[in-house]
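Novice: So you can see what is in the structure, the chains are spelled out below.
2 protein chains.
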Amino acid sequence: MITKTGTSPNCSIARTLDLVSDRWSFMVLREAHLGTTRFADFRDFLHIAPNILTNRLATLVDAGLLEKREYQEAGERTRSSYHLTAAGADLKLVLAALQQWGDVHRPREDGPTVLRRDTRSGRLVNVGFVDEDGDEVSEDDVVFEPVAGSPADRSTWR
Amino acid sequence: MITKTGTSPNCSIARTLDLVSDRWSFMVLREAHLGTTRFADFRDFLHIAPNILTNRLATLVDAGLLEKREYQEAGERTRSSYHLTAAGADLKLVLAALQQWGDVHRPREDGPTVLRRDTRSGRLVNVGFVDEDGDEVSEDDVVFEPVAGSPADRSTWR
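One line per chain: the protein sequences are B and H, in this order. Each residue of the first sequence is one higher than the one before, counting from 18 in this note's numbering. Each residue of the second sequence is one higher than the one before, counting from 18 in this note's numbering.
Note that these hints are calculated values from the structure, not bench results. Careful, some of the hints might be misleading.
Copies of the same chain are indistinguishable here, so a pair counts whether it falls within one copy or spans any two.
What the hints assert, rightly or not - As a list, the in silico SDA-like pairs of lysine to any residue whose alpha-carbon atoms are at most 25 Å apart: (1) K85 - F161; (2) K85 - V160; (3) K85 - V121; (4) K85 - P168; (5) K85 - R171.
Note that the coordinates shown come from a computational prediction; the quantities given were computed from them, not determined experimentally.
Model the full assembly from the supplied sequences, consistent with the hints where possible.
Specialist: Shown next, in the form of structure tokens:
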């Protein structure tokens, strides 16, 4: 079934991955979250082939995660820059969760290369589960619960 | 540089994605987080071709995310079941962050198919940033901060 939003899978994880499931897309988004906007900077920081970068940027613009703008410096031709949309910015938690898992389970010998900081308090933050009061809930206490009658409900399969 | 852990990228997001960057791997892990353990159940629930499932399960076992066990029912041959390791279980936050983003930015017409519930309080939970006191921090206030002198530090590139 194709929904109004143009995406088919019933699983929201799958719908997200349809947009960003390849590694280069994630890397471009990470770079955008670090403040990179210009083609040459994406290329140099990521060591990515220009044709692959062009392709991934176009895909991410089409998906509504990046917005393309034009800019021009004195004496130069018009160039494009790429900026996170609200939806792209909201992937911050996804990137942070991937980062946190990697730093714990595949640690780098010399320690993390990127930290997550609360600019208001200046303190470091983690990704976690939070209840509606804004209090952290232990990961061990959280379960994924299929909605009864939805395609994720397997009780009717047996 | 290859580190002791056998992974090369300096970026922890990339190290995580090296393990689970394809969509089927994420789907198998989601299924495991919903409690599925048997080959036939993974196959039926995911509508995945057996050869692809065999391949993904082996990859996830090799990566240390799933553990393979043997079981036998009366009158049947020995079969394998697949169980989350501690590292695999710890991907709960990654899956939940992907799910949450999809439910917000690519919503399903009939609503979410899977919820996240705190089994202690019975309440629904979200994924968010939390400080060391366990208090939620707004996503807008959190920045990714390259560690000075690390490969993510671009200040020395210019």
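Novice: With 25 Å as the alpha-carbon cut-off, assign the pair K85 and P168 to within, between, both or neither.
Specialist: Neither. Shortest intra-copy (37 Å) and inter-copy (27 Å) distances fail the 25 Å Cα cut-off.
Novice: Checking K85 and F161: alpha-carbon separation at most 25 Å within a copy, between copies, both or neither?
Specialist: Intra 37 Å, inter 22 Å, cutoff 25 Å: inter-copy only.
Novice: Using 25 Å as the alpha-carbon threshold, which applies to K85 and R171: within, between, both, or neither?
Specialist: Between. Shortest inter-copy distance 23 Å satisfies the 25 Å Cα cut-off; intra-copy 43 Å does not.
Novice: Please work out whether the CA atoms of K85 and V160 approach to 25 Å or closer within one copy, between two copies, in both situations, or in neither?
Specialist: The answer is between: 22 Å across copies meets 25 Å, while 39 Å in one copy does not.
Novice: If the cut is 25 Å between Cα atoms, do K85 and V121 qualify within a copy, between copies, both or neither?
Specialist: The answer is between: 23 Å across copies meets 25 Å, while 35 Å in one copy does not.
Violated hint for the displayed structure: number 4, the only one.
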